[in-house]
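**Q** Chain by chain, the residues:
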Amino acid sequence: DTGVSQDPRHKITKRGQNVTFRCDPISEHNRLYWYRQTLGQGPEFLTYFQNEAQLEKSRLLSDRFSAERPKGSFSTLEIQRTEQGDSAMYLCASSLEVRGLGYTFGSGTRLTVV
Amino acid sequence: SQQGEEDPQALSIQEGENATMNCSYKTSINNLQWYRQNSGRGLVHLILIRSNEREKHSGRLRVTLDTSKKSSSLLITASRAADTASYFCATDEVVANSGYALNFGKGTSLLVTP
Numbered sequence: 083d084t085g086v087s088q089d090p091r092h093k094i095t096k097r098g099q100n101v102t103f104r105c106d107p108i109s110e111h112n113r114l115y116w117y118r119q120t121l122g123q124g125p126e127f128l129t130y131f132q133n134e135a136q137l138e139k140s141r142l143l144s145d146r147f148s149a150e151r152p153k154g155s156f157s158t159l160e161i162q163r164t165e166q167g168d169s170a171m172y173l174c175a176s177s178l179e180v181r182g183l184g185y186t187f188g189s190g191t192r193l194t195v196v
Numbered sequence: 164s165q166q167g168e169e170d171p172q173a174l175s176i177q178e179g180e181n182a183t184m185n186c187s188y189k190t191s192i193n194n195l196q197w198y199r200q201n202s203g204r205g206l207v208h209l210i211l212i213r214s215n216e217r218e219k220h221s222g223r224l225r226v227t228l229d230t231s232k233k234s235s236s237l238l239i240t241a242s243r244a245a246d247t248a249s250y251f252c253a254t255d256e257v258v259a260n261s262g263y264a265l266n267f268g269k270g271t272s273l274l275v276t277p
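Line by line, the protein sequences give chains A and B. For the first sequence, the working numbering puts the final residue at 196, and the numbers step up evenly by one. For the second sequence, the working numbering puts the final residue at 277, and the numbers step up evenly by one.
If you're looking for bench data, these hints aren't it; they were derived computationally from the structure. Note that the structure is a prediction, hence the values are computed from the model and not measured. Take these hints with a grain of salt, some might be off.
Residues of chain B placed beyond 12 angstroms of chain A at every Cβ, according to the derived structure [said to hold, decoys possible]:
1. Glu180
2. Asn185
3. Gln200
Quick list of the computed label-pair ranges, beta carbon to beta carbon [to be verified]:
4. Glu178/B x Glu134/A: 19 to 29 angstroms
5. Val180/A x Asp229/B: 21 to 31 angstroms
6. Glu179/A x Lys189/B: 21 to 31 angstroms
Here are some, though not all, of the chain A residues that point toward chain B, as calculated from beta-carbon distances under 8 angstroms [to be verified]:
7. Gly98
8. His111
9. Tyr115
10. Gly124
11. Phe147
12. Phe156
13. Gly167
Yeah, the Cβ is synthetic: ideal placement off N, Cα and C, and Gly gets one too.
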């Protein structure tokens, strides 16, 4: 296990289509986070899981967004009826439960909605 | 909303020079972290400083924290072209129950020329 993996690296989709991204965290990390980053901005928090429980969702996460983490392992982030404003880099990170530790980020999935 | 604000937004220096980036934040923190991001990639954790610490070193990195001024600085000494990247500060804050998530600033873009 060499780190956090995200798939796909790039996704181009037409407006209105649904897309799903996958994140495989470091196996012993029980916390998993999703962030969104647009050009020239820092990452913005979307949601996070502790094991399989989704504990918080940002107001940025509209009803078109849904995230799951079945069995507390990998996670998926689905965007339904994509809009051009959804174009961004979607970053996944994982960490241990202990507060005050750094996060390990994946390389991200770059979504382009045309 | 983004918690930290980095200053400057962009910094250009020559190899061998030192680079200093500053971060200001708004709320009380448990710890402050610095991350690096190469273009189009995920973030890499550099260093973490706790609220009861004032200074921390890691290789060519030196981080200071002034909780009274709600500010932090990252110093990279003897910079190299490979240090070219965006640098973000992040503070952790409560997001749900006992959960925490990192809140990132907009970053400083550092260019180190040979």
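**Q** Could you work out which earlier hints the structure fails to respect and list their numbers in ascending sequence?
**A** Hints 3, 4, 7, 8, 11, 12 and 13 contradicted; others consistent.
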